[in-house]
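Novice: Sequence:
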Amino acid sequence: MRTLLLLAFALLMSTGLLAQSHGLTYQAVILDSESNITEIPGADIPGGNYLPNKALSLKFTILNEFGGIDYQEEHSTTTDLYGMISVIIGDGAMTSESPDVFMEISWDGTPKDLRVEVSIAPPNGTGNFEFFSLEKLVFVPYAYHRNITATGTMDIDGATTLNSSLDVTNGSPTHLTGDLTVDGSTNLNNGLNVNNQSPTDLSGTLTVDGVTNLNNGLNVNNGSPTYLSGTLTVEECLYLNDCLDVDGTTDLNNGLDVNNNTPTNLTGTLNVDGAADLNNTLTVDGATDLNSTLNVEALATMESDLVVIGNATIGEDVRVGAQTDMGRLNVNTNGWSNVASVIKGRAGDLDILEMTSSNGTDVMTVGDDGYVAIHPGTQQVVIDGPASGGANNNTGSYPLYVRGAQQGIAIKLNTTEAHEGNDYLYFTDNSYIRGSVAGQNLSELQTSFDYIWFNTMAALDEAFILAEGVACGFQLDAGEVAVMAAQGLTVYLQWAEAFYDMETNVGVVYQSNSADYAEWLERADPGTDLLPGTVVGVVGGRISKNTDNAQQFMVVSSAPMVLGNTPPSGREKDFEKVAFMGQVPVRVVGQAHIGDFIVASGRNDGTARGVAPEAMTLDDYDHVVGVAWSDAIFTQGESLVNTSVGGSSNHLVASLKKQKQEVDRLQSTLDGVVAYLKAKDPAFDAGTTAPAGSAAQAAPKSTLTPASTAVPRDHKWIEGFLRENPQVLIDVLERAKAECARRGMDVNDPIASKLFDKEAFMARLAKVDRPIVRKPPTPVGEDEKVRPARR
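Under the numbering used here, the first residue of the sequence shown is numbered 8, with each subsequent residue one higher.
Mixed in with the good hints, there may be bad ones.
Okay, derived cross-link-like pairs now, PhoX-like style, lysine-lysine, Cα gap no bigger than 20 Å in a straight line [claimed, not checked]:
#: 1; residue 1: 143; residue 2: 66
#: 2; residue 1: 580; residue 2: 552
#: 3; residue 1: 584; residue 2: 552
#: 4; residue 1: 66; residue 2: 119
#: 5; residue 1: 119; residue 2: 143
Estimated spans, in silico, between C-beta atoms of each pair [to be verified]:
#: 6; residue 1: 574; residue 2: 629; range: 26 to 34 Å
#: 7; residue 1: 570; residue 2: 405; range: 16 to 24 Å
#: 8; residue 1: 609; residue 2: 533; range: 21 to 29 Å
#: 9; residue 1: 760; residue 2: 575; range: 42 to 50 Å
For the record, the hints were derived by calculation from the structure and aren't laboratory data.
We put the CB at the ideal spot given by N, CA and C, even for glycine.
Taking the hints into account, I'd like the entire structure generated from these sequences.
Specialist: Next comes the structure, spelled out in structure tokens:
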């Protein structure tokens with residue numbers, strides 16, 4: 008069943024609608040099915056009755072002349088009691104097929120059609136939009152309020168008010184024969200041409216954001232000022248008929264020429280960052296201050312005095328002329344007047360006769376024969392070298408190079424007895440005083456580290472030999488006992504001579520923050536990395552981490568106080584610094600305590616282990632590196648232990664081992680003899696005296712018990728042993744005194760007499776376990792960091 012739609016619409020527009028919605032008013036009456044006939048007076052209406060109060064949907068489509076959609080919308084509405092609907096096209100819901108909104112439809116006079124579709128729910132309709140009609144829309148007064156396209160002339164007699172933009176397109180000209188008054192801003196997207204040489208008057212400010220090109224002159228009249236807040240760039244000449252006043256900085260990127268011999272007056276400072284070239288005379292009526300260098304490449308003539316307050320550095324010749332060959336150059340600084348007297352005028356020479364202070368006292372004398380003297384009263388002589396030098400084997404790397412006769416440098420201090428507070432030389436870097444060559448008196452010697460260390464270690468060695476001789480004498484024959492005593496005497500004589508030499512020749516001490524004497528030793532394998540503290544084995548004077556069959560066991564030094572045996576030039580990498588004597592950190596694995604022996608670990612990895620004195624074996628003595636002077640920090644890992652090296656008696660160990668091997672051999676032989684005798688006589692008892700009537704008689708029983716084990720190197724045990732057997736020590740001291748007297752020593756000298764006194768010896772032995780305090784590094788003071796030269 009098809010529902011008929013009686014179309015009755017109008018395009019209505021009036022000023023009354025202008026204030027309401029913009030659109031087309033659409034009205035229609037909705038009738039029922041075609042089969043229904045409505046009877047009315049005069050004629051029947053086919054299509055049935057109108058549909059009152061019926062909900063329905065309308066779709067309006069405005070088509071352009073090509074059949075395309077200009078606009079499309081939908082309405083949902085309901086008929087009234089008489090089946091009438093009334094909607095405004097333009098107020099509906101725009102569909103997704105609509106290319107633009109209703110307000111943007113261009114009413115440009117081209118043909119437009121209105122297509123209407125209606126959707127009525129059953130039973131009166133199908134529920135889908137069904138095409139109903141297509142009607143032409145003619146140009147109506149509604150277009151008055153929309154886009155206007157005019158192909159002819161438009162004359163407007165009255166005022167024209169444009170509430171929006173006025174676009175003149177297609178490059179069409181716009182002619183205004185009267186005034187153009189613009190209350191707001193005027194934006195010109197292109198050029199502004201004022202033709203016919205017509206004047207342009209601007210009573211307000213002209214602001215130009217872009218470049219302004221003036222093809223002719225720019226005249227600023229009436230004495231009006233011109234302000235430029237930015238840069239003024241002038242490519243040609245700039246002529247100023249009057250003054251140029253510049254309140255701020257003036258930058259000239261090129262030359263400034265002042266022509267016609269015109270004077271230039273500068274009442275303030277002239278700062279020139281670059282070179283200033285003067286092709287003619289520079290006349291300065293007042294004082295001239297030069298804060299930096301003045302370079303004069305040609306002759307500079309000064310008809311009056313030249314006074315230099317600060318430093319004056321002259322790289323070439325200075326010629327001082329006077330009426331005679333004796334001229335003066337006076338330099339004043341803070342009350343000091345150094346006078347250089349020129350006595351010869353040869354080209355290239357400046358021979359200085361003397362330099363004196365303002366009070367006439369000689370400060371420095373330089374003779375033409377090369378003699379140079381710096382007299383008392385001079386505060387300091389400073390030699391400033393380059394910031395960085397070259398190789399240390401190049402004499403040119405050193406700020407001070409003394410070259411002369413067969414002697415070097417002589418230093419005399421102004422004191423009657425030099426002590427450790429008087430440095431002959433001292434050495435420093437930017438952080439600490441690293442060492443010095445200082446004076447030393449007898450009391451300072453006797454309290455020094457080297458003195459105490461040497462004497463206590465020597466006393467321990469001597470006491471150990473004597474104790475071994477006494478203890479082992481009951482197991483050896485008379486000849487072997489004599490050898491042990493002679494060995495003790497030899498060791499003591501060597502120490503006595505060294506001790507006497509130390510005290511009688513006291514005077515200079517070499518001080519350093521380092522604590523060991525080291526020498527360069529050749530590496531067996533140059534490719535192996537030997538870090539400080541690494542234990543090395545020595546075979547034939549060459550070192551490696553392999554300690555198997557090593558002749559000596561030593562340690563790589565960290566920072567030696569004295570370093571000897573410098574390797575050949577270019578072969579430094581084949582050598583390493585090895586500590587011979589003093590204190591040095593050692594890589595120790597496991598536990599180690601103060602007083603323990605530090606023994607090579609035998610793992611060939613550069614490490615050592617700590618062994619308590621009572622736990623030492625003969626094999627351990629043969630692998631001793633030194634004695635621990637600090638505890639190991641990591642008992643389960645590796646620590647750096649401060650170790651005293653160079654004081655051990657490894658040379659005795661071989662002898663002791665040989666003796667023990669001989670005793671073991673004799674014991675084995677004796678065991679064999681006993682076994683043989685038992686086989687011959689089962690009643691034989693090796694522990695009883697010989698049978699009655701036997702030719703052999705029992706030996707008299709000794710009152711002393713032979714030692715069954717090696718004497719431990721424990722100074723407390725040794726000290727007690729020697730006190731129990733004082734005659735042994737007294738005998739050695741008396742024989743050492745006689746031998747020293749035979750060699751020419753004055754044994755009655757106060758220094759020498761202490762060498763042969765038993766109690767003095769025991770006192771030195773008692774000091775073995777006392778810690779020796781070393782001085783900490785001294786920080787560099789401000790005066791050591793920067794010592795300004797005397798000006």
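Novice: Take the C-alpha atoms of residue 584 and residue 552, compute the straight-line distance between them, and say whether it is at most 20 Å.
Specialist: holds (14 Å)
Novice: Has the given pair, residue 119 with residue 143, been kept, meaning a C-alpha gap of at most 20 Å?
Specialist: holds (6 Å)
Novice: Please verify whether residue 580 and residue 552 have alpha carbons no more than 20 Å apart.
Specialist: Distance ~16 Å between residue 580 and residue 552 Cα, so the pair holds.
Novice: Could you tell me whether the CB distance from residue 574 to residue 629 stays inside 26 to 34 Å?
Specialist: Cβ of residue 574 to Cβ of residue 629: about 29 Å, so the range 26 to 34 Å holds.
Novice: Are the Cα positions of residue 143 and residue 66 separated by 20 Å at most?
Specialist: Given that 20 Å is the threshold and the Cα spacing comes to 16 Å, the pair holds.
Novice: Is 16 to 24 Å respected by the C-beta to C-beta distance linking residue 570 and residue 405?
Specialist: holds (18 Å)
Novice: Between residue 66 and residue 119, does the CA-CA distance stay at or below 20 Å?
Specialist: holds (16 Å)
Novice: At the C-beta level, are residue 760 and residue 575 separated by a distance inside 42 to 50 Å?
Specialist: Hint holds: Cβ distance 48 Å, inside 42 to 50 Å.
Novice: Does the Cβ distance between residue 609 and residue 533 fall inside 21 to 29 Å?
Specialist: holds (24 Å)
In this structure, every one of the numbered hints holds.
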